Amino acid sequence: DAGVIQSPRHEVTEMGQEVTLRCKPISGHNSLFWYRQTMMRGLELLIYFNNNVPIDDSGMPEDRFSAKMPNASFSTLKIQPSEPRDSAVYFCASTIRAGLDTEAFFGQGTRLTVV
Amino acid sequence: DAKTTQPTSMDCAEGRAANLPCNHSTISGNEYVYWYRQIHSQGPQYIIHGLKNNETNEMASLIITEDRKSSTLILPHATLRDTAVYYCIVGSGGSNYKLTFGKGTLLTVNP
Numbered sequence: 001d002a003g004v005i006q007s008p009r010h011e012v013t014e015m016g017q018e019v020t021l022r023c024k025p026i027s028g029h030n031s032l033f034w035y036r037q038t039m040m041r042g043l044e045l046l047i048y049f050n051n052n053v054p055i056d057d058s059g060m061p062e063d064r065f066s067a068k069m070p071n072a073s074f075s076t077l078k079i080q081p082s083e084p085r086d087s088a089v090y091f092c093a094s095t096i097r098a099g100l101d102t103e104a105f106f107g108q109g110t111r112l113t114v115v
Numbered sequence: 001d002a003k004t005t006q007p008t009s010m011d012c013a014e015g016r017a018a019n020l021p022c023n024h025s026t027i028s029g030n031e032y033v034y035w036y037r038q039i040h041s042q043g044p045q046y047i048i049h050g051l052k053n054n055e056t057n058e059m060a061s062l063i064i065t066e067d068r069k070s071s072t073l074i075l076p077h078a079t080l081r082d083t084a085v086y087y088c089i090v091g092s093g094g095s096n097y098k099l100t101f102g103k104g105t106l107l108t109v110n111p
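Chains as they are written, first to last, in our numbering: chain H, 1 to 115; chain P, 1 to 111.
Isolated chain H, as found in the complex (with noise of 0.2 Å):
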């Protein structure tokens, strides 16, 4: 299995514009995480999903953040209008159910950068 596929790996944008980060999460994982991280505030959890279904969006910061799994293979994290603060690295994970004794699956990351 290739893991964890995001996209795109960099991301530069402008102020106010809508931003998509993509992931496919690894065929048969039935949980997906999208964790957001920067130097001042380490790694975040934004948004948990479970067999396609948001469990836990507490840590999404504001309005502008949406996240959706419209299927097992595909997740999307859309900040719109982006913000020179949204600024950082998105990373993907994936295991193979919530719960006990699993192992979470990163991706390599999204780097944005909202100038």
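There may be inaccurate statements among the hints.
Said to hold, decoys possible - Some chain H residues close to chain P (C-beta under 7 Å, calculated; not the full set):
{"#": "1", "residue": "E14"}
{"#": "2", "residue": "M40"}
{"#": "3", "residue": "G42"}
{"#": "4", "residue": "L45"}
{"#": "5", "residue": "Y48"}
{"#": "6", "residue": "F74"}
{"#": "7", "residue": "Q80"}
{"#": "8", "residue": "A104"}
{"#": "9", "residue": "F106"}
{"#": "10", "residue": "G107"}
{"#": "11", "residue": "G109"}
Calculated from the structure, these hints are not laboratory results. Given the structure is predicted, the values throughout are model-derived calculations rather than measurements. Glycine is no exception: its CB is placed at the ideal position from the N, C-alpha and C atoms.
Since the structure of chain H is provided, determine the placement of chain P on it from the hints.
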């Protein structure tokens, strides 16, 4: 989820064992201890996890104290490629499952 405390940084000589401590004094009975690491610019990588018993795999060993209030990750023969930030995480399963990362320990393996 229980909170964890780790040293900010540690050094280790190449070829020697690296012992990374973690305190999790508020851990509850059904919470596991997970260790992940993040090599610069890469996504976090799973290392090992455990509940009560000590665990060993091809990457590392995890020693959990009997009262479960602390644990130690052991890299038996550290290499330069083991230089990374190591995260100790305590989490439970079910609908509240999530991995909450702290600041971790920056382990630097020196030649």
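These are the hints, each one checked on the structure:
Violation of the interface hint for E14 (chain H) is found here, the shortest Cβ-Cβ separation to chain P being roughly 24 Å, above the 7 Å cut-off. Annotation: M40 (chain H) was flagged as interfacial toward chain P, and the flag is violated, the nearest CB pair being 11 Å apart, outside 7 Å. For G42 (chain H), the suggested interface contact is upheld, since its CB lies about 6 Å from the closest CB of chain P, less than 7 Å. Checking L45 (chain H) against chain P by beta carbon gives a least distance of about 6 Å; that is within 7 Å, so the hint holds.
At a threshold of 7 Å, the smallest CB-CB gap from Y48 (chain H) to chain P is about 6 Å, leaving the interface hint in force. Evaluation of the F74 (chain H) hint against chain P yields a violated restraint, the C-beta minimum of about 18 Å exceeding 7 Å. For Q80 (chain H), the shortest C-beta to C-beta distance to chain P is roughly 25 Å, which exceeds 7 Å, and the interface hint is violated. The closest approach between the C-beta of A104 (chain H) and any C-beta of chain P is roughly 6 Å, which is under the 7 Å cut-off, so the hint is satisfied.
With a cut of 7 Å, the hint placing F106 (chain H) at the interface with chain P holds, because the nearest CB-to-CB distance is about 3 Å. A hinted interface residue such as G107 (chain H) counts as satisfied when its beta carbon comes closer than 7 Å to some beta carbon of chain P; here the least separation is about 6 Å, so the hint holds. For G109 (chain H), the shortest C-beta to C-beta distance to chain P is roughly 5 Å, which falls under 7 Å, so the interface hint holds.
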